[in-house]
Amino acid sequence: MPFPDSALSDSQRSDRPPSSIAGIMHANLPGGVVMIREFRGDLSITVKRETWAAAAVLLRDHLDCDFKLFLDLCAVDRQGRVDRSERFEIVLHLYSVSTKRHIRVTTPLPESDPRLDTLTKVFKGANWFEREAYDLFGIVFRGHPNLKRILTHESFVGHPMRKDYPTARRHAPGKCAERVLDVPQDSQGMVVNLGPSHPSMHGTFRVQLLLDGETIVDAAPDLGYMHRNFEKMAEARTYWQIIPYTDRLNYCSPFMNGHGWALAVEKLLGIKAPPRAEAVRVVLSELSRVMDHIVCIGANVVDLGAITPFFVTFRAREAIYDVLEACCGARLTVSYVRIGGLAQDVPEDFDALCRKAISAAREVIDQADRLLTRNVIFVRRMREVGVLSADDALSYGWTGPCLRGSGVAYDVRKNHPYSGYEQYDFDVPTGAVGDSFDRYLVRMEEMRQSLRIVEQALASLPGGPVIVDDKRVALPPKSAVFENIEALMNHFKLVFEGILPPAGEIYGYTEAANGELGYFVVSDGRKCPWRVKVRPPCFNLYQAYPRLIKGGMIADAIAIIGGLNVIAGELDR
Amino acid sequence: MTMRLLDVFRGKFVDPTYPGVHAGGDVITTRLDAVVKWGRKSSLWPMPFGTACCAIEFMAMSASHYDVARFGAEVLRFSPRQADLLFVAGTIPDKLAPVLKTIYDQMPEPKWVVAMGVCACTGGFYRSYHVMQGIDEIVPVDVYVPGCPPAPEALLAAVMKIQERIKEGVRQSEPQGAHRLGASGDAVFDRRARRAAWAADDDARAKQGLAPRGVIAFGNPASGVQAPDGDRD
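Line by line, the protein sequences are chains A and B. In this text, residue positions in the first sequence follow this note's numbering: the first is 8, and each later residue adds one. In this text, residue positions in the second sequence follow this note's numbering: the first is 17, and each later residue adds one.
These aren't lab readings, by the way, just hints derived from the structure by calculation. Please read these numbers as outputs of a predicted model, since none were measured by experiment. Glycine is no exception: its CB is placed at the ideal position from the N, C-alpha and C atoms. There may be inaccurate statements among the hints.
Claimed, not checked - Facing chain B, a subset of chain A residues (Cβ under 7 Å, in silico):
(1) HIS160
(2) LYS182
(3) LEU188
(4) GLN192
(5) ARG235
(6) LYS239
(7) PHE321
(8) GLY576
Chain B with its partners taken away, still in its complex shape (with noise of 0.2 Å):
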């Protein structure tokens, strides 16, 4: 059977269980926006963003055993610019914020994340100073996938999981845990209240002229320390 570009039209390629698609005899109707999303479901151009232990068990799915390729999306691209779906796989330091935020942002529309990994879901078991509490406090995430790290069955689970989403034209837009990051929304968990506590802890010590805990007091004839940039030989 040759493939001809007209068959799409005529439905041999189209699943007829799709919305929007009406099998009748030997001719489909079907929609433009349904076939544009079958055709963007089949061929996801995934780009990984992997960053530690999960980017392993990112290769194990693309490697040959897995085979991400049965599910269409085999094409690893590299570059933002050419792919639609973000994989983040592994733990986002905050030094690191700033550039999944760029990569996301150099993605075209429309794009999908999905954040592997307990670290990129919810920061896992690192709660700690340098270590972003999940990737949503400042990217839209679809599909998460838990696991430390998710098997790569879990894995393609997720690229079903968003060629549903896909199918049904839904997208995440504003990223979920935003209030997270800031002072402002809803008190979540008890970090706000950390929080407070340390900035009246600050406070207290800036009025008997301290510096806050942890900060070496350059300058500070208390410390008697002065900066290092006047020390060097």
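One chain only, chain A, in its complex shape (with noise of 0.2 Å):
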């Protein structure tokens, strides 16, 4: 029986036809656009590559497509499929705050000339994600100013991520590259190399930076560090093998990252997980928000040089954890989520330990917020530094706290609810001026927010089963598996075979930690997904570093880095 072809829901669509977007484009753009094509409610456009440039522009600023918000750009190979004529193709996903809109541009490129545009010059996000289709698939983009590898190490050989490449073939690293930054040959300047091994770099980013005294006059980050090939790796897993590794992507709130994908294989198969998982799963999701957050800000204040804040909000850290560990048995990393479900029921005493945690957090926000919201150092250390405007914020593909604290008040959790966030009463907090400290500020007022929907999800929490009951995505329960040869079948079969899903293309979003977590899904029908592309917020966060320390001191730097929040796991996969 093959799963429905109708999308998922109806609040992920949006109120506009689709079609005056193609009017639109056919109009400006006549005969550049190759196929326009809906599934799932996804808008995908498909253009001519010579037309790759003029349609990102047209989408970016024309009155009624206002794409402004660059999310994502990746490749696909498509070697051994017949349903292609080129080997290649490249993926553009964009979102328009005005119209509620996401929309997925592509254009094929042929294996013998992987040339293409580039996009730099539209969205300044398109920097370093041309430079990571290079790196992995050695797609060439014209024009591009820096067209390196980004993360594979120096001596590497080959472009990984295409399907010709065998996926455990490591090549013995060289030494750490000694030059990341182009230093013009009269600076009298000073080349100092913050990181790897930096306290408050956190083990894995490097930022090279040419100094006059200690004032930063140009940086170049280095990534690459974290580098451990999710995406090649999840090409040979099933749909449910990758949700550990999903946990690992933001390993400081590992459930969310199973909740969206999960919700984005649901997607892709067209069904919905039962209203008692998607309550738990919005708890530990916004519990999980609440934990991310407390790291940001410990690991931020550790950075500043008072360590107080973070012995003082660990504890609820320590709370959470009992919750998670009592549904799951794992602490931190706990793969609890199912398609479409979770893997077990709750426990009895969950309504109880999840109150513990949200009075445990109560108190350790009020208690870091009497710290530190008023501390004249805190405040002077975080007040006008990394400032960036909500138009730079957007091209950049900011999302998140981050976005928010630029001014804009962009939640998928209000925008496109999903997992029943539309039952729950929220705020958005926002920034005024976009800089650290209004992103300290939007994440401690989150973390409020996130405890307000917690106790009105346990309010309501309802009853009934926490996996779909449907023998083509969820194992039968072990008690009939004993008991009769129809489920003892079924979970052979589903073991086996894994879950098939239709063939097509599905961009899943939610609101992560750190922002919109997006997981690109290409599925030819097999039990392993074709390519699975991550949209990590912290990669177009982390991109934006550079412009934010230029002309501060090493000391803002480190203020800033600590409240964006870049993730190593999520950044580099």
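Join these two chains into a complex; the hints should help.
In structure tokens form, the structure reads like this:
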């Protein structure tokens, strides 16, 4: 029995018919649009490679389109697929805050000439994404200012995400790259490496600075120190087996990544988890958001030299760990979510544990608030450093608390409610200036709002099953497997054959702690996805980092990076 | 009771079960190296080289709830020059490997290493093109802590294991897995076989004038693609 073709949820659809965008595209790019299709509510437009940059400019600037938020750019290798004439495909995801629409623009590229015009002049955020596509797929972007490897090390040979590259093939690493920054010949400045082993760079970030005294003249980040190939390995795993890998993307709030992945696959399948599972997901996601913001603020103030708030805030984390541990047995990397629901029902004392965690979190948030928000040293370190305007933030592709700190009230939970967020009453805080202090304030308020959501969800926690009753997706209960042959066969078939989704492409997105966490999943109907691209919120945040620290002092650079909450596992994947 | 330096030698703070410590009446004789070992084991200065998820659990261990200070190892140093215990907490991709090696080399002797989590021990479930399959390919490891990530209790156990090793005076000096890195040494699992197969494949393709698989053939007239350098605006 095939999965239905209709879209999963009406809330993820927009009121505007897609035909208007199609009409605009056809009118302004005569002959440039190859195909327009809609699958599961995702609008996808294929353009010719000659009109690639023009299409991006049109979508950004046309008043009825207004796709100003750059989300993601990636490549797909179609080698061996019969349904595509060309080997490569470049995929661009954009979002319009005003019309609340996502759009996907793709263009095919032949293997013999994988070259495309760069979008770096259209979107500031495209720079690193194009470098990534060059590094992993060998796509050459014409006019790119700095087309170098970004994730793999210097001695690497080949483009690992191509289908003919063996997954486990390593190349012996050489030395660390000496020079990342382009220093002018006549420069009198000093070049200093900030990281990778620097206490505020968390072991895996490296920024090369050109200094004039203590002032930062120029900066260039070097990333890839935590590139552990989630996307390549996901191509050889079934949809279930990917869940543990998603836990390790943003490891400060692992449950939210799994939640996003389950929703993305459910969107691909066209199914919906039962209400109880969705409510529990919301509870655990919001507690994870509190946990994430606690680490962000705690680590930020440790970097600034204050250890007490770190010790204070970590007490709430332990209370939240207790909730997660009672649910699934693991503290941090939980793997609790399943496609179509949850692994098992929550324990009996779930409500009591959650309330304990809520009161612990409330207590430490208030305590941290008293310690920090009016603390003169903290305020002076954070205020008016790292200012980014709303327009630039959109162009860089910022989402989440950082974008809201810059004054744009875009929250996936409000704009495109998923998992029943439309039932809960909560506010979306925004900042006014867009500096590090605003980002801190937004995070503090978001934690309080999250606790509000948890309380509402607990008060109205529905009963019923926690996983969808569908033998193509969910394993039958163990008791049934032991007792009747049909359940045993279903179990056997599901384990061996996996979940078989329809062929198609979807972009599933949720509001993770750092911003919009998107999964672009390409399925060819087999048990493993053909391609999984994570849209990591950190990648866009970190890309603006050199811009934020230029002209400031080294001490400001430390204050800024803590406030961005860049997580290496998500940044480099 | 006021603490005086001589009390240490009188045995008031020396564990009489120590090797080299002899208790007899009011007088305890000991060897200097036993006292030094006792001092070392009771005031470890760990350097956390935390890279990934394990670093979060490392933070939990050093925070108030689990409190590694109870074992005398709470003075976290972020400079390898001031540390004698290296905690490698997290995956070490190939790009980070030279950094880890440099940090290890910069630590003063004597030094101990804990590989925290399966990624640091064996590469974990990241068996892929950019991840080191265990840090013992480049640095010697004294204690492996399995888990993904290990619970803070397991880390405390690792600290106690290190203390035991200090007391016994044993220390790993050679990277145990160095033979896995290169082609020399005995075949380990099937990695060498795989490498040999890939090398043979590369050679066969080279004979046909083709680049290795997954490599873009810039400047190859057959592919018609020019190098990106000549293509800048």
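How the hints compare with the structure:
1. HIS160: Holds: closest Cβ of chain B sits about 4 Å from A/HIS160, inside 7 Å.
2. LYS182: The hint holds - A/LYS182 has a Cβ within 7 Å of chain B, the shortest such distance being about 5 Å.
3. LEU188: 17 Å, violated
4. GLN192: Hint violated; A/GLN192 Cβ to chain B Cβ min 19 Å, cut 7 Å.
5. ARG235: Status holds, d = 5 Å.
6. LYS239: This interface hint holds because 6 Å falls under the 7 Å limit.
7. PHE321: 4 Å, holds
8. GLY576: Since chain B brings a Cβ to about 5 Å from A/GLY576, closer than 7 Å, the hint holds.
In terms of the numbered hints stated before, the structure departs from hints 3 and 4, listed from lowest to highest.
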